[in-house]
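Here is how the chains run, residue by residue.
4 protein chains.
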Amino acid sequence: MSSFYNGNIKLSIFGQSHSPAIGVVIDGIPAGEKFDEAALKEFVARRSASNNSLGTQRKEPDEIEILAGVANGNFCGAPFAAIIRNTNVKPGDYSEFSHKPRPGHADYTASVKYNGANDFSGGGHISGRLTAPLCIAGGIFKQLLEARGIYIGAHHERIGNITDTRFDPVNITKDTLDNLHRGELTTTDTDSQDKMRALIEAVRADKDSIGGVIECAALGVMPGLGEPMLDGLENRISRLIFAIPGVKGLEFGAGFDAALLRGSENNDPFTYKNGRVVTLTNNHGGILGGISSGMPIIFRTAFKPTPSIFKQQDTVDLLTKENTTLTIKGRHDPCIAVRALPCVEAAAAIALYDALLDNAKNNI
Amino acid sequence: MSSFYNGNIKLSIFGQSHSPAIGVVIDGIPAGEKFDEAALKEFVARRSASNNSLGTQRKEPDEIEILAGVANGNFCGAPFAAIIRNTNVKPGDYSEFSHKPRPGHADYTASVKYNGANDFSGGGHISGRLTAPLCIAGGIFKQLLEARGIYIGAHHERIGNITDTRFDPVNITKDTLDNLHRGELTTTDTDSQDKMRALIEAVRADKDSIGGVIECAALGVMPGLGEPMLDGLENRISRLIFAIPGVKGLEFGAGFDAALLRGSENNDPFTYKNGRVVTLTNNHGGILGGISSGMPIIFRTAFKPTPSIFKQQDTVDLLTKENTTLTIKGRHDPCIAVRALPCVEAAAAIALYDALLDNAKNNI
Amino acid sequence: MSSFYNGNIKLSIFGQSHSPAIGVVIDGIPAGEKFDEAALKEFVARRSASNNSLGTQRKEPDEIEILAGVANGNFCGAPFAAIIRNTNVKPGDYSEFSHKPRPGHADYTASVKYNGANDFSGGGHISGRLTAPLCIAGGIFKQLLEARGIYIGAHHERIGNITDTRFDPVNITKDTLDNLHRGELTTTDTDSQDKMRALIEAVRADKDSIGGVIECAALGVMPGLGEPMLDGLENRISRLIFAIPGVKGLEFGAGFDAALLRGSENNDPFTYKNGRVVTLTNNHGGILGGISSGMPIIFRTAFKPTPSIFKQQDTVDLLTKENTTLTIKGRHDPCIAVRALPCVEAAAAIALYDALLDNAKNNI
Amino acid sequence: MSSFYNGNIKLSIFGQSHSPAIGVVIDGIPAGEKFDEAALKEFVARRSASNNSLGTQRKEPDEIEILAGVANGNFCGAPFAAIIRNTNVKPGDYSEFSHKPRPGHADYTASVKYNGANDFSGGGHISGRLTAPLCIAGGIFKQLLEARGIYIGAHHERIGNITDTRFDPVNITKDTLDNLHRGELTTTDTDSQDKMRALIEAVRADKDSIGGVIECAALGVMPGLGEPMLDGLENRISRLIFAIPGVKGLEFGAGFDAALLRGSENNDPFTYKNGRVVTLTNNHGGILGGISSGMPIIFRTAFKPTPSIFKQQDTVDLLTKENTTLTIKGRHDPCIAVRALPCVEAAAAIALYDALLDNAKNNI
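Chains as they are written, first to last, in my numbering: chain A, 41 to 404; chain B, 41 to 404; chain C, 41 to 404; chain D, 41 to 404.
Be a bit skeptical, because a hint or two may be false.
The list cannot tell twin chains apart, which means a pair is met if one copy fits it or any two copies do.
Unchecked claim - Calculated lysine-lysine pairs in the BS3-like style (CA-CA distance at most 27 Å, straight line): (1) Lys214 to Lys74; (2) Lys351 to Lys313; (3) Lys351 to Lys81; (4) Lys351 to Lys247; (5) Lys235 to Lys214; (6) Lys313 to Lys361.
In case anyone wonders, no lab produced these hints; they're calculated from the structure.
With the sequences and hints as input, model every part of the structure.
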């Protein structure tokens with residue numbers, strides 16, 4: 041349990057924030073699939089702080105070293121393995137947190153779980169840094185999906201109270217994704233991007249942090265993907281999305297708003313369009329009964345504000361068993377949601393490719 | 041894939057709405073645990089339409105027959121198996137939907153997935169009826185958890201635009217759960233329950249349906265339960281929650297509202313209270329880094345309105361490949377959320393007990 | 041853990057010897073595959089004592105009741121579930137064994153494992169009776185394999201010191217399997233069958249039992265089936281074979297004899313025959329590196345003699361903590377290997393079909 | 041599927057013979073367990089060719105680099121990951137085998153399976169080299185077992201026709217294991233070791249190879265370990281044993297000889313000895329019904345002779361589709377069984393520790 045995903049694809053994610061390396065093993069990539077290493081590195085670089093002035097000042101080169109699973113430029117059927125060395129490590133920053141847990145962090149819960157034997161340095165295994173191997177896996181499956189006409193893209197739908205225009209769940213196309221304004225933030229509008237940036241810089245200046253919502257779309261997904269009950273697309277996506285630190289909510293299609301609607305409003309009528317069955321609206325977010333409908337898959341992920349803020353906070357001292365205060369120093373993103381965007385896409389890609397493999401089994 | 045859960049606990053849920061029976065196999069219940077069959081039956085009866093005037097008029101006795109796994113009133117270490125016969129079956133009601141898919145239902149998506157070989161009758165395996173075996177499993181784990189001082193309870197936080205008072209995430213106690221107003225709906229206020237009932241009856245009269253939100257709490261959960269990344273408590277709960285038909289959203293603690301907050305607002309300060317570490321607020325919903333903090337676990341699940349409504353709807357005819365209309369007859373709940381309440385508790389109970397077993401492994 | 045198989049196929053086997061029913065749930069059968077219920081029942085009947093004068097006198101009708109997974113004569117994509125009621129139960133026979141463990145049985149080991157909470161009656165879950173659901177699963181996959189030109193057949197290669205002519209691992213054909221002498225024993229020679237029968241009747245008359253070896257072949261297996269390392273064909277077959285009570289050994293191809301050979305003797309030279317790559321000999325038993333070679337798959341399974349004998353035996357009394365003696369009464373097969381034959385075929389069928397599904401995933 | 045083990049312990053083994061590195065990820069080691077890195081390296085070195093004049097002349101330093109999972113000298117609850125760089129690689133040696141498959145090797149079967157996309161170099165992922173990560177995992181669990189009084193040891197019971205004295209399955213003690221004659225071969229007798237060495241050198245001089253049998257014992261295993269049916273100790277051990285290249289047979293206790301015995305000979309009578317339940321004989325090899333009896337666990341593994349021999353052999357040319365001959369050059373062990381000994385111990389250790397974790401779950 042913990043960092044293994046055991047579907048048609050098997051993932052094993054390992055590493056601690058300050059261990060020699062972090063990495064991932066991926067089993068189940070069909071042999072002979074083309075591997076675009078440059079595209080993978082470009083994808084994973086999107087979550088890197090080095091490229092993002094809104095991120096932490098821990099600047100890690102995040103060089104991906106591929107150890108196994110590739111031959112002659114193709115995936116060779118053997119498990120794929122890759123690592124990233126942890127080079128820019130400052131272990132001294134964290135010693136205090138082993139007994140003075142940071143509010144909003146896993147310091148306390150991990151300490152109890154592991155009876156104090158866990159690696160506190162940099163959050164150990166429970167660290168945003170572990171989303172890099174998740175992105176390696178997701179980046180690979182994203183390229184395998186694209187080769188099948190399935191495109192995944194996300195935008196910052198909200199940072200604090202600043203909202204970007206939502207995706208049109210019916211009319212969104214690959215062009216919509218290609219034309220997103222990608223920078224340190226990714227939005228449909230330039231205007232909202234500027235305001236989000238200003239907000240993040242303001243909270244940073246105020247030694248504070250801010251939350252956000254990422255909306256993700258998967259286009260070109262054929263109908264019939266997913267399983268009923270425990271391995272539906274929502275089940276798979278949700279299990280992977282909640283692997284990203286800081287996620288507190290997830291909704292598909294109309295999501296929580298569907299709870300306010302009547303069936304006559306929420307039901308999406310079927311109709312023929314160019315010989316294909318489509319729906320006129322897309323409150324179902326492309327998934328009915330756990331199975332894709334062929335309409336765009338749309339979901340939104342809520343991120344809490346970064347728990348590491350530089351204001352003084354109340355906490356406890358587990359050694360003295362007294363209340364105390366804590367002032368965090370160090371290098372932290374003021375908004376988790378900023379760099380989490382490729383992680384959301386990665387989670388969706390892993391889930392969808394895994395579901396594709398289930399359907400392939402029907403071609404026995 | 042599909043109806044198997046493969047954690048420390050293994051679940052296998054089977055059956056179709058109109059097959060001879062539905063049921064569940066549960067492996068992993070420790071031998072020697074006491075089995076309270078009466079309590080189980082009472083729990084599962086809470087989702088039965090027979091007991092609920094707001095539910096479908098398909099009145100099923102839902103008698104649980106235990107086939108294996110029990111000896112001398114205790115779980116005996118062998119897999120537990122139980123079935124419920126499908127007795128009140130009207131297969132004729134459904135023949136039309138194999139080619140005229142009901143909007144908002146899985147008729148179309150399942151038909152594509154299974155190439156038309158799926159069991160259309162009553163929705164087949166993709167049916168709310170399959171939540172009965174989920175409740176059998178959840179009911180068992182709920183009683184095993186209660187024997188360890190862990191209590192799970194849910195209420196209808198919202199039906200359409202009628203809201204019930206939310207649980208107080210800090211001060212909620214077992215008394216709160218014991219004093220919920222339980223009837224066909226379960227609420228903290230009687231007033232909101234009356235209004236919800238009136239709304240549901242109004243939409244039913246209007247041949248329509250309505251959505252809702254269920255809020256669930258788990259109390260008495262010791263800190264340190266759950267795993268980082270892929271098997272955190274949120275990952276496990278979410279995978280099981282999305283197994284309940286009609287769920288479109290899920291949030292923990294402050295959930296989507298956390299996206300609006302600053303870190304200084306959202307972080308829950310630690311403090312000592314009666315010698316125990318607690319937090320002064322509970323925006324984290326009792327889970328940090330996938331691991332329980334000892335605070336109440338709180339989550340909310342959004343249900344869409346029942347897709348089966350009795351108004352005429354637009355759809356397609358897959359045989360003639362033309363647009364057409366459909367008027368559903370038959371017996372359907374006007375609000376899925378009403379009877380889904382024990383299913384939400386069941387999902388939480390399975391996830392938490394599975395996590396407890398992970399921690400037990402540390403006692404090797 | 042225990043009675044779940046979690047590959048592409050998921051199996052969940054449940055029941056105790058004297059519980060209301062035993063059964064199996066099977067997930068992963070592709071929708072639309074034709075189900076031949078009569079052929080399944082015929083296959084499972086091969087392990088039934090009712091049809092075998094060499095078996096126990098516990099005559100069970102073993103009627104298979106199908107609960108789910110079938111629609112219109114085809115597998116419908118939903119999990120398949122079937123049960124067999126335990127009708128001919130004499131619980132009184134077993135009460136003594138809860139504290140006076142039978143030598144060679146699991147009475148003692150199960151009692152320790154389950155802290156005495158296990159179901160002792162009839163051996164509980166650890167009973168040859170549980171091979172009936174294994175045969176239900178195997179019988180289904182056997183018919184799905186036959187539809188793809190893959191045939192599985194076994195014979196009693198040895199009962200005690202009486203040997204049957206081994207399969208010719210190179211020249212065996214479907215005709216060989218069709219022409220096996222099938223009766224209560226299954227052999228290539230009639231002569232050896234008579235001698236085996238005489239031996240079994242002699243040991244029965246002597247209140248004793250006898251061991252045996254079953255040799256199994258799978259023909260028509262295309263090359264390229266199986267995975268390296270942990271999910272090779274040998275790994276999968278062995279995991280399922282050792283699920284059959286009484287198995288103490290397993291060998292593929294030349295097996296233990298290969299340990300005596302030189303590489304120049306054991307290596308099977310490749311050659312072209314009718315445009316296909318074959319090997320001139322088949323010491324490898326059709327599997328190289330965990331992957332099928334296209335040659336017949338051949339393996340042998342060693343069964344210990346039935347532990348339940350009617351001679352007086354030494355054992356302990358767990359209550360008084362003293363040595364004592366035990367004389368087993370009741371109804372027991374004098375040779376496990378007799379009725380285990382379809383179980384061996386079932387194990388092979390499950391493993392091979394599961395491997396076929398892995399290869400199907402390459403057709404994504 | 042393939043190189044993942046998904047029990048309580050999760051293993052992920054990766055690498056190809058000539059990829060940058062091979063390695064393993066292990067999830068499920070309880071946090072706080074002491075890690076003896078020196079003992080691990082010593083254990084893994086036992087399979088290294090560098091230390092064995094009877095092995096291949098490919099001398100690899102096999103330096104283990106630990107990437108994650110350890111903090112302050114203890115396992116920290118995060119997945120453990122370690123790699124070994126492939127340094128002494130001669131890819132040119134293997135190019136011919138991609139179209140001229142070596143008899144007895146997986147060249148042909150892997151080529152078909154992976155449609156020619158597999159990594160042929162050095163056998164790719166299907167290589168004895170991949171047993172090094174298996175030994176890393178096994179070495180760790182061996183030390184965790186030793187801390188609980190469980191000792192695992194193996195000897196070369198047979199090389200070709202030279203036999204070593206078998207373990208006494210009743211009276212074997214830790215002293216027996218401590219006093220094994222360990223050198224390049226491991227035997228109970230010095231005399232047999234000399235003869236085995238002479239035989240291996242003779243077949244090497246003859247450009248040939250030879251098979252062997254390894255017998256393994258696990259001592260101090262408490263009764264009650266293992267699960268019935270699919271996760272019994274035999275099932276688990278067998279699945280792991282068949283992951284070692286070259287294994288063609290496996291037997292527990294009396295094994296294939298049990299097929300020759302009567303129940304009255306094969307049944308092991310229970311008796312009290314020093315207040316503990318033991319058996320007077322141990323034909324059951326310490327396992328009854330998949331569950332440990334407390335007696336020594338004994339099993340034997342048959343290894344085929346190394347398929348790479350230096351004599352000319354018949355094979356096919358997959359490009360020209362004609363028969364041809366092949367003379368292998370390069371560096372190969374003349375007897376797989378020699379260096380496989382720690383791999384067998386590793387497989388046993390993984391299986392037993394995984395079973396221990398199952399029992400720990402009963403301490404919930």
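Going back to the hint list, which numbers does this structure go against?
3
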